[in-house]
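Student: Sequence:
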Amino acid sequence: MDIRPIKSPEDHKMALARIDDLMDAEAGTPEVAELEVLAILVERYERDAFPVAPPSALDAIQFRMEQAGYRQADLARVLGSRSRASEIMHGSVKRLSLTQIRRLHDAWHIPADVLIRDVA
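Going letter by letter, the sequence shown gives residues 1 to 120 in the numbering used here.
These aren't lab readings, by the way, just hints derived from the structure by calculation. Computed from a predicted model, the values in this text were never measured in an experiment. Any given hint could turn out to be false.
Stated by the list, open to error - Ranges between beta-carbon positions, derived for each pair: (1) 113 x 78: 44 to 50 Å; (2) 86 x 4: 43 to 49 Å; (3) 4 x 99: 51 to 57 Å; (4) 4 x 50: 18 to 24 Å; (5) 71 x 98: 20 to 26 Å.
Ideal Cβ positions, reconstructed from N, Cα and C, are used throughout, including at glycine.
Hey, can you work out the whole structure from these sequences and the hints?
Tutor: In structure tokens, the structure reads:
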């Protein structure tokens, strides 16, 4: 078992190939231990090398609407305003108000830390 930190795309490629080789390892063997360590190293490298930008508030709202089958009318009911729902959905609003954040968080369980970001 020759395990080293993953520092380059080539190291990453080799680690993924080795993981592929180890996928059928028997439980309790040194190969499974190697697989676990490599998986941790690959996850860390990918997290650092390929960061994922957090969603905007609008992305989070649209995702939740799609998940739950909500429409703009449902958003308007939560916010208490059809025009405000329309403005949010069209990106005409830069930020949500604290009241809107609370309502969306309470009604649709969207994390408040996502809703405080810019809408678009």
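Student: Can you let me know if the beta-carbon spacing of residue 4 and residue 50 is within 18 to 24 Å?
Tutor: 20 Å, holds
Student: Range hint 43 to 49 Å: satisfied by the CB atoms of residue 86 and residue 4?
Tutor: 55 Å, violated
Student: Could one say that the CB atoms of residue 4 and residue 99 fall in the range 51 to 57 Å?
Tutor: 53 Å, holds
Student: Please test the hint of 44 to 50 Å on the beta carbon pair from residue 113 and residue 78.
Tutor: 18 Å, violated
Student: Measuring from beta carbon to beta carbon, are residue 71 and residue 98 in 20 to 26 Å?
Tutor: Given a distance of about 25 Å, which is inside 20 to 26 Å, the answer is holds.
Checked against the numbered hints above, the structure breaks hints 1, 2 and satisfies the rest.
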